[in-house]
Amino acid sequence: LARAWRWCQQTGSCRHALSRSSRCPGPRRSLWMPGRTKPGVVRKMKVDEVGLVATSFAGKFESPCHLALDKLGNIFSSDASSETLRVYRGQDGRLLTRVDLGESLEDQPLSTVKCVQGLVLDEEENIYVVDGFNHRILLLRNDGSLIRILGHRQDGSQIFCFPRGIDLGDQGYIYVADAGNKRVVVMERDGNFVKAIQSPQEMCNPCAVCWGKGGVVYVADAGISSIFAFDVDGELINQFDGSNREYDGAQVGENKLVCPLAITQGSDGCLYVCDGGAHDIKIFTSQGQFVRKIGSAGRGEGQFFRPTDIKVDAIGNLVVADFYNNRIQILAAVD
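The opening residue of the sequence shown carries number 1 in my numbering; numbering runs sequentially from there.
Careful, some of the hints might be misleading.
[Stated by the list, open to error] Ranges of calculated distance between the beta carbons of each label pair, as one might list FRET restraints:
#, residue 1, residue 2, range
1, GLY277, GLU188, 33 to 39 angstroms
2, PRO109, GLY215, 35 to 41 angstroms
3, GLN289, GLY169, 23 to 29 angstroms
[Unchecked claim] Cross-link-like lysine to aspartate or glutamate pairs, in silico, EDC-like; alpha carbons within 16 angstroms at most:
#, residue 1, residue 2
4, LYS114, GLU103
5, LYS213, ASP170
6, LYS195, ASP231
7, LYS71, ASP313
8, LYS71, ASP122
9, LYS195, ASP233
10, LYS71, GLU124
11, LYS213, ASP233
12, LYS114, ASP100
13, LYS213, ASP231
14, LYS195, GLU235
15, LYS71, GLU123
16, LYS71, GLU125
17, LYS182, GLU202
18, LYS256, ASP241
If you're looking for bench data, these hints aren't it; they were derived computationally from the structure. Computed from a predicted model, the values in this text were never measured in an experiment. Just so you know, even glycine gets a beta-carbon here, dropped at the ideal spot from N, CA and C.
Using the sequences plus the hints, can you model the full thing?
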């Protein structure tokens, strides 16, 4: 099985079995791996009609919150209870290194990090860390050394109020979910403020942002259980919550968002949303049409306990921070 897993990683044959379909692909229900396995242990399961190759990463997690992936598929993870980022090898879950954020800031007046709320890596694999309660963004080299701190205008005034999510777009722009100010802030990589994106129907708690295909900016709002979509000019073009469609076999209301905490877009164009209130992953088309859900509440196979972040790697695997289960789960579906 270990050889099969390595072969899948090398050849990219772990793409979803439905990827040839004209409909939006995505894993079917209850597809997620068990969380109590040893690092690097691989199990192959059969769930519904899709075969899975699954791994679960250990490493003494204390409620992993947020994730970022580098070009090699290595996983950067933050914990809710520490100032440490951990880096795991994507192929087998081996712990590669730790980044102590306190050491990164030891020469700064404010040398503690209070509540990491988002991670993203740029093209040079520098790390953007959202320091929520300190209302700032830390830009670090991948060795943990500090490049700069973002979050203040030239006159010294504060830009953010409890920033939560972050993503990078083209033209060198950063998109930050500025939760306390109920908006998305667009800024240059050097920290210069560009503009604010706000909805005519006021956002309540924007906690995650995704820069998507065609320059569309998607925002997950946990306060009103909705996803907002804005065009390249910052104009609202769509708002959805999953209640616009039932699908075959669905229980009443299971497609409705409860508390969306993270959002990402796969190469298939689909939107993958961590619903921390429903303890599952919901999949939507880029137009907001509900496709299906993954998982259910619990600690066993195919279950989550408040998933807080999700990423899609280069070969289509889904990487999920399973917060209260103290684990990171990876799913790869094969023919």
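Now for the hints, and whether the structure bears them out:
The given range of 33 to 39 angstroms is respected by GLY277 and GLU188, whose C-beta atoms sit roughly 35 angstroms from each other. A hinted range of 35 to 41 angstroms holds for the C-beta pair PRO109 and GLY215, which are about 37 angstroms apart. For the pair GLN289 and GLY169, the supplied restraint of 23 to 29 angstroms holds, since their beta-carbon distance comes to about 24 angstroms. Our distance criterion of 16 angstroms between C-alpha atoms is met by LYS114 and GLU103, whose separation comes to about 14 angstroms.
Between LYS213 and ASP170 the CA atoms are separated by roughly 11 angstroms; this keeps the pair inside 16 angstroms, and the hint holds. For the suggested pair LYS195 and ASP231, the alpha carbons sit about 14 angstroms apart, so the restraint of at most 16 angstroms is met. Using a Cα cut-off of 16 angstroms, the hinted pair LYS71 and ASP313 holds, with the two alpha carbons roughly 9 angstroms apart. For a cut-off of 16 angstroms, the pair hint linking LYS71 to ASP122 stands: about 10 angstroms separates their Cα positions.
For the given pair, LYS195 sits about 10 angstroms from ASP233 by alpha-carbon distance, which is consistent with the 16 angstroms threshold. A C-alpha spacing of about 10 angstroms is found between LYS71 and GLU124, which places the hinted pair at or below 16 angstroms, so the restraint holds. At most 16 angstroms may separate the alpha-carbon atoms for a hinted pair to count; LYS213 and ASP233 meet this at roughly 14 angstroms. At roughly 13 angstroms between alpha-carbon atoms, LYS114 and ASP100 fall within 16 angstroms of each other, so this suggested pair holds.
For the proposed pair LYS213 and ASP231, the alpha carbon gap of about 10 angstroms is at most 16 angstroms, so the pair holds. Restraint check for LYS195 and GLU235: satisfied, since their Cα atoms lie roughly 12 angstroms apart, inside the 16 angstroms limit. As the CA atoms of LYS71 and GLU123 are separated by approximately 9 angstroms, the hinted pair is consistent with the 16 angstroms bound. Simply put, LYS71 and GLU125 have alpha-carbon atoms about 8 angstroms apart, close enough for the 16 angstroms limit, and the pair holds.
For the suggested pair LYS182 and GLU202, the alpha carbons sit about 7 angstroms apart, so the restraint of at most 16 angstroms is met. Proposed proximity of LYS256 and ASP241 is supported: the alpha carbons are some 6 angstroms apart, at most 16 angstroms.
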